[in-house]
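Asker: Here's the letter readout for the chains.
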Amino acid sequence: MTKPIIQVKNVVKDFTVGGGFGKEEIFRALQGVSFDLYAGKTLALVGESGCGKSTCARLMTKVYPATEGEILFHGTNINDITKRKDVLDYRSKVQMVFQDPFGSLNPTHTIEHHLTRPLKIHKRVANPAALKARLEELLSLVELPIETLAKYPHELSGGQRQRVNLARALAVGAEVILADEPTSMLDVSIRLGVLNLMQRMKKELGIGFLYITHDLATAHYIAEETAVMYKGQIVEWGSTQSILTNPQHPYTKLLISAVPDPDLPFGELVQNEPNYSIDADAIRLKSSVVQDEYQEVSDNHFVKQWDNVA
Amino acid sequence: MASQTPNTSPLIEVKDLCVDYITDDGDFNAVKLVSFAIQPGEIFGLAGESGCGKSTIAFAINRLHKPPAFISGGQILFGGRDLLNLSDAQLNTLRWSEIAMVFQSAMNSLNPVLTIEEQFADVLRHHQGMSNEQAKDRAEKLLDLVNIPRERLTEYPHQFSGGMRQRLVIAIALSLNPKLIIMDEPTTALDVVVQREILQQIYQLREEFGFSVLFITHDLALMSQLCDRIAIMRYGEIVEVNQAKEIRNNPQHPYTQKLWSSFPNIHESKHAIAS
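Chains as they are written, first to last, in our numbering: chain G, 1 to 310; chain E, 1 to 275.
Bound-form chain E, shown alone (with noise of 0.2 Å):
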């Protein structure tokens, strides 16, 4: 995997990234020179509780944020270019097409009065020039990827179960191949056997295409099942970073450590039988 190469070119890079939100009492830091750097094919994991800024991140590096939220410093270099150095039009030809966003609540994104099909041609028609035909062709071949019937293209948001909407909102995230896909705790509203369901069919996904993922969640349990590095926050900063099976194993600061003890771990007893 690319995550064990580290000499190969990280796909994004966040440099110092600063993100203040403007308050009647001052500015408040919710981002403190926070860098990481994403690999290629890696999927990388930022866990936190609420309000650490994990989300704040999420949407600067679409520069997706809104005021009074600004980004005071820092660098987010993707492909050799800065993304806060972008205009406006270069960095609208750049989001959905070279990074998708997933969000908590993105079953309700879907537009309700519209079919699925016409959804996927919507941005297929935007960002690629494709007709009607060309779209509903990629469209139903996207669909067999998150498995769901073609037959099903022309219903609407509300004739799908939560866990197939968000697996649609995966599907038209894919659809123009990105590199990058930020989920932001995208399985979070699921229930647990939807949520494995989906985060095996985004790990499958990722061996076939080799897309990169920023992963956000406050299940640490879950994050360090599927990421290949994770990155622990607290109060704006990140407090430590490693692979996956470190921060597991072997968590070096105290909040990780204390973290993981706030787990009630069912499978514990099995793992003792079995070693």
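Only chain G is shown next, with the shape it has when bound in the complex (with noise of 0.2 Å):
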């Protein structure tokens, strides 16, 4: 098996919540999270807002440093890299995409401005005739026509814009990509296309993801393996499949239950569990013990218990 490029191993995060005049609390988000990435290959990181995944994602960005644990980078803890340059390097590497297309880009300037700043700010270009290939070159990767250069944020769909922010991390030598809810935002008929370069860019390139989401339906498309989170902890792990065709955790359930299925109406929902909404919040209960114990259930499943052992 080859090595991760990244390692995430145990990892907790508390924020101080509160403060000044008021009474200074601790918040736990992160719960002791551990879990790989490898190139060329997409981790879903799947459950409801607030529940850390996002948080996951900035401790990886050097947004701001683990509070218990510790972040690999090729073997080395990124708490390590601190000189300016190899900062700017890691930077580099890992790279990401969030949720807002129209938020991420400036509105003032035009797409070859927002290409050309990191291949310049990470010196990937040697002269401005190799910097005109490489735009054109990062364009074609990303399938939108040459003549976006020129354009500015407003006169690109939503999906362009995202294509756009793909290029921008493909410009800098991005080894891993961490996609924070990249499609949510699109139209569903838009998503697939966003979804299938990124597909496209796993296997060509060789670029590892971290796809962040709410939404099972895209992970299942995407990803190999997912990481289900409650609470700030992974509920249940493994494959994709695995997971999804005979998940173990009642989070996991209640999660896959909650997808919409076109060919099972209301009518007959409500008549089979009268009792969602209680059944749900009695989950929830269960679910937000932290729990240490993990079983697998088959290989490459694992799930973490869920019943109080007294």
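FYI, nobody ran anything at the bench for these hints, they're computed from the structure.
For every residue, glycine included, the Cβ atom is placed at its ideal position computed from N, Cα and C.
Accuracy of the hints is not assured; some may be wrong.
Estimated spans, in silico, between C-beta atoms of each pair [said to hold, decoys possible]:
#1 E:188 with G:275: 23 to 33 Å
#2 E:250 with G:75: 55 to 65 Å
#3 E:126 with G:22: 33 to 43 Å
#4 G:143 with E:51: 13 to 23 Å
#5 E:258 with G:122: 50 to 60 Å
#6 E:258 with G:143: 16 to 26 Å
#7 G:206 with E:72: 49 to 59 Å
#8 E:258 with G:203: 18 to 28 Å
#9 E:82 with G:58: 47 to 57 Å
#10 G:128 with E:51: 34 to 44 Å
Listed below are several chain G residues computed to face chain E (Cβ distance under 7 Å; list not exhaustive) [to be verified]:
#11 49
#12 141
#13 145
#14 192
#15 214
#16 220
#17 244
#18 261
#19 266
Quick one: dock chain against chain with the hints and give me the complex.
Answerer: And the structure:
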């Protein structure tokens, strides 16, 4: 088995809430999270909003440090990357793509500017001629026409903008792209195009993806492996196929049951599960307890304990 | 269900509706000659991509559209009256009491500096002239409907989660027993589990009170689960209208077929095993 690019080991993250004149409280956003990212593979991190998925991505990009545990990049702890040059190098290899394709591009600059800047900052091109060739190459990689260079963000659709964001990550030679809900603001009809592009980048360029989402349906489409997260802990992880066909943890089951199934009208659902809301609350309560014990369900499919062992 | 008896007169009938936006390059026809009817007690879905004109229709029904949008033609018949000919005063009494609206960002439409009780009372006092005590009594009953504890009536919007706030807005929308509720992407900003909880609740409330719903979303899977009938829109026109089951199993228009093929469905394998 090849070595992972990034290893996240037992990471805990505390945030201080309040302060000032109020009482200071500690909020534990991550309760010991571990996962690995491999080249040419996608790991989907699935969970509801506020469960800590984005915090994981921010820790990995060194936005803030982990409270406990370590994050290894090719074996080195990222906390030890402190020299300006090394940090720049690390950031160029671990890139993020955000949810909002409208907010992540500067409306006053052309696409050419957006793609040229990272190339220059990270000194990826030697001369203007090379720059031009590189820009064209990048656009063709993300399946956009060359004319896009002269355009401003408002002239592009959400899907095209997300492609520009992916091109920007490629520009600086990313090995890993942390994609935080990259398709949730896109229309369903263009969503698949962006997912297919990510699929191609993964296969042809060997880029590792962390796909953060609350949508199991798209995770199933793109990711080989899935980790289901709830309240700062990963409750079930392993092969996506195995998790979807044979879910063990009650929270995973709840998530799957909530994905709209076009062949199951609400008329039937209301009769079969009249107390859905009450059941959901019970599962949430049960799943929010921090557990250390886990078991292997099958090859590459693990689940945390959920029943309180007395 | 009412949708199976086409002989009853529809609750609302939209006929040849046209809505234009005035732009520098001339008028942009956002909604082109759209016609549909919603039966009493029916959940009618309007699906399409962003920018296809579905929200414009939602706003036009209540005449809440703002310039540069204007209605350039057509009729909206509601209870025998054309909403487009009503005076502003007549329309004001109709809004909320007969036609209520729930928006995508409805949870942000609550006033952050007023308690929930005050916001219920505002609607009830204004439309039904209730006293504060009567309004509180009614508000408590409405909270029961959406499964929020009564004692939380004195709290402020920021003390509730996003899903709860959305349910509060639905409760306020129900407070005057409207005949029609327009829901424009009511759950798009919410998590899937919360979405399922809220929609199930809407479905159960519909069975209890018999109101009609105009349900707008781009999520076809969700729509075919919830709606009785569905209209598919593209570029301001309705390309296909049919029973939800037919739209799912037997889509006629190539655009509908294309929409379906762009959905990764995780339940497919389960059905394959079951059948």
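Asker: Indicate, hint by hint, whether the structure satisfies it.
Answerer: So, going through the hints one by one against the coordinates:
1. Between residue 188 of chain E and residue 275 of chain G the beta carbon distance is about 25 Å. The supplied range of 23 to 33 Å therefore holds.
2. Range check, residue 250 of chain E to residue 75 of chain G: Cβ separation about 56 Å, and the 55 to 65 Å hint holds.
3. In this structure, residue 126 of chain E and residue 22 of chain G meet the distance hint of 33 to 43 Å, their C-beta atoms being roughly 37 Å apart.
4. Residue 143 of chain G and residue 51 of chain E have their C-beta atoms about 22 Å apart, which keeps the hinted 13 to 23 Å range intact.
5. The supplied range of 50 to 60 Å is broken by residue 258 of chain E and residue 122 of chain G, whose beta-carbon atoms lie about 40 Å from each other.
6. As the Cβ distance of residue 258 of chain E to residue 143 of chain G is approximately 19 Å, the hint placing it in 16 to 26 Å holds.
7. For residue 206 of chain G and residue 72 of chain E, the hinted distance range of 49 to 59 Å is satisfied, since their beta carbons lie about 55 Å from each other.
8. For residue 258 of chain E paired with residue 203 of chain G, a C-beta distance near 25 Å keeps the hint of 18 to 28 Å intact.
9. A beta carbon spacing of about 55 Å between residue 82 of chain E and residue 58 of chain G agrees with the range 47 to 57 Å that was offered as a hint.
10. A C-beta distance of roughly 38 Å is found between residue 128 of chain G and residue 51 of chain E, which places it inside the suggested range of 34 to 44 Å.
11. Interface restraint check: residue 49 of chain G against chain E, minimum CB-CB distance 6 Å, threshold 7 Å, status holds.
12. A cut of 7 Å between beta carbons decides the hint on residue 141 of chain G: the least distance to chain E is about 23 Å, and the hint is violated.
13. A cut of 7 Å between beta carbons decides the hint on residue 145 of chain G: the least distance to chain E is about 21 Å, and the hint is violated.
14. With 7 Å as the threshold, the beta carbon of residue 192 of chain G comes within range of chain E, its nearest partner Cβ sitting at about 5 Å, so the hint holds.
15. Given hint, residue 214 of chain G at the interface with chain E, holds; its Cβ is 6 Å from that chain's nearest Cβ, closer than 7 Å.
16. Restraint check, residue 220 of chain G versus chain E: the minimum CB separation of about 5 Å is within 7 Å; hint holds.
17. About 6 Å separates the beta-carbon of residue 244 of chain G from the nearest beta-carbon of chain E, less than 7 Å, and the hint is met.
18. For residue 261 of chain G, the suggested interface contact is upheld, since its CB lies about 4 Å from the closest CB of chain E, less than 7 Å.
19. The criterion of a C-beta within 7 Å of any C-beta in chain E is met by residue 266 of chain G, whose closest approach is roughly 4 Å, and the hint holds.
Violated hints, in rising order: 5, 12 and 13; the structure is consistent with all others.
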